[in-house]
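K.L.:
Please construct the entire structure, taking both the sequences and the accompanying hints into account.
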Amino acid sequence: MLLIRCPYCEQDRAEVEFSYAGEAHIERPVDPSAFSDAEWEAFLFLRSNPRGTHFERWVHIHGCARHFNAVRDTVSDKFLMTYKAGKPRPTKREIEGAKK
Amino acid sequence: MSDELSIIVSEQSNPLDGAAFAAGPGPMLVMASAGDCARFSLRTAKKNLAKATEAFGQVIPPQIGEMSSRAVKTALCLGPDEWLLLAPESERESITARFAKQSEQATHSLVDVSHRSVGIDISGPGAALVLNAGCPLDLTALPVGGCTRTILDKAEIILMKPGKEHYRLEVVRSFADFVWNFLSSAGREFETESG
Numbered sequence: 001m002l003l004i005r006c007p008y009c010e011q012d013r014a015e016v017e018f019s020y021a022g023e024a025h026i027e028r029p030v031d032p033s034a035f036s037d038a039e040w041e042a043f044l045f046l047r048s049n050p051r052g053t054h055f056e057r058w059v060h061i062h063g064c065a066r067h068f069n070a071v072r073d074t075v076s077d078k079f080l081m082t083y084k085a086g087k088p089r090p091t092k093r094e095i096e097g098a099k100k
Numbered sequence: 001m002s003d004e005l006s007i008i009v010s011e012q013s014n015p016l017d018g019a020a021f022a023a024g025p026g027p028m029l030v031m032a033s034a035g036d037c038a039r040f041s042l043r044t045a046k047k048n049l050a051k052a053t054e055a056f057g058q059v060i061p062p063q064i065g066e067m068s069s070r071a072v073k074t075a076l077c078l079g080p081d082e083w084l085l086l087a088p089e090s091e092r093e094s095i096t097a098r099f100a101k102q103s104e105q106a107t108h109s110l111v112d113v114s115h116r117s118v119g120i121d122i123s124g125p126g127a128a129l130v131l132n133a134g135c136p137l138d139l140t141a142l143p144v145g146g147c148t149r150t151i152l153d154k155a156e157i158i159l160m161k162p163g164k165e166h167y168r169l170e171v172v173r174s175f176a177d178f179v180w181n182f183l184s185s186a187g188r189e190f191e192t193e194s195g
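Chain order of the listed sequences is A and B. In this text, residue positions in the first sequence follow my numbering: the first is 1, and each later residue adds one. In this text, residue positions in the second sequence follow my numbering: the first is 1, and each later residue adds one.
Please note: incorrect hints may appear among the correct ones.
What the hints assert, rightly or not - Some, not all, of what chain B presents toward chain A, calculated at C-beta under 7 Å:
| no. | residue |
| --- | --- |
| 1 | GLN63 |
| 2 | GLY79 |
| 3 | GLY134 |
| 4 | PRO136 |
| 5 | LEU139 |
| 6 | ILE151 |
| 7 | ASP153 |
| 8 | LYS154 |
It should be emphasised that the hints constitute simulated quantities derived from the structure, not laboratory data. Keep in mind it's a predicted model, so treat the numbers as computed, not measured. For every residue, glycine included, the Cβ atom is placed at its ideal position computed from N, Cα and C.
P.N.:
Laid out in structure tokens, this is it:
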């Protein structure tokens, strides 16, 4: 059973309580009408899809019902760390620190 | 404004009305449908909790997973800004009225969800085993007086632990039959072991 740490509940909980919610740190443009079609397409559809460290949103849907962000290694499927929504993207050093 | 609204009061019908189940020697497991009560979903900021406590007439805990229960009123903290309040049906209107009075000083949303879910009381030494047939939580780690929203097989439940071997769960009405049958069939394991 894969355990995910919810930063709001501050507990490791089973994966079945959670739901995936796409890539994290994608900001909705303030003025979409100023966007070209290509820029709008990029905002809507183009995602980084990296091999390795990925920043993504999860929601503790069958728990506290909050969205939060997670750093997951897409190769090993290991969660490196989770943090509350609205917090800035963690630095490499913070991720390394969380691994230990 | 509120004087002009007509309030529709419907009868609360419980799909598990009066249901009871026991299994195993001892018995290992006792399940009973909990009686009807008034339920409220409260959304507010933590700073308003003192006011909300005043209106509810019972301490509303600030930390996720905490439950405060005294006499017949229970308050559960489910999320950083979400609480579930349980009270006797007779107090439904007085609680709503007291919350409404303070809406200007303490912004909040209080929704009457009395008919949304039904309660099941589960107790006995086998209670945790039966719940773990469909619930991934480590129930030994859930403290007495704790609560959480979680999942039981395919149904979302709100789980409370009022005593060491006593659990109470709240399940949405439409899943009530499913959850009852799921738990009672898991409980039948105790019968086969004893025979």
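K.L.:
Indicate, hint by hint, whether the structure satisfies it.
P.N.:
Results of checking the hints against the structure:
Restraint check, GLN63(B) versus chain A: the minimum CB separation of about 9 Å is more than 7 Å; hint violated. A cut of 7 Å between beta carbons decides the hint on GLY79(B): the least distance to chain A is about 4 Å, and the hint holds. Annotation: interface hint on GLY134(B) violated; nearest CB of chain A at approximately 10 Å, more than 7 Å. A hinted interface residue such as PRO136(B) counts as satisfied when its beta carbon comes closer than 7 Å to some beta carbon of chain A; here the least separation is about 3 Å, so the hint holds.
The interface hint given for LEU139(B) is broken, as the beta carbon of that residue sits about 12 Å from the closest beta carbon of chain A, more than 7 Å. This hint holds: ILE151(B) has a C-beta 4 Å from the nearest C-beta of chain A, less than the 7 Å allowed. Evaluation of the ASP153(B) hint against chain A yields a violated restraint, the C-beta minimum of about 10 Å exceeding 7 Å. Because the beta carbon of LYS154(B) sits about 10 Å from the nearest beta carbon in chain A, more than 7 Å, this interface hint is broken.
Hint check: violations occur at hints 1, 3, 5, 7, 8; the rest are consistent with the structure.
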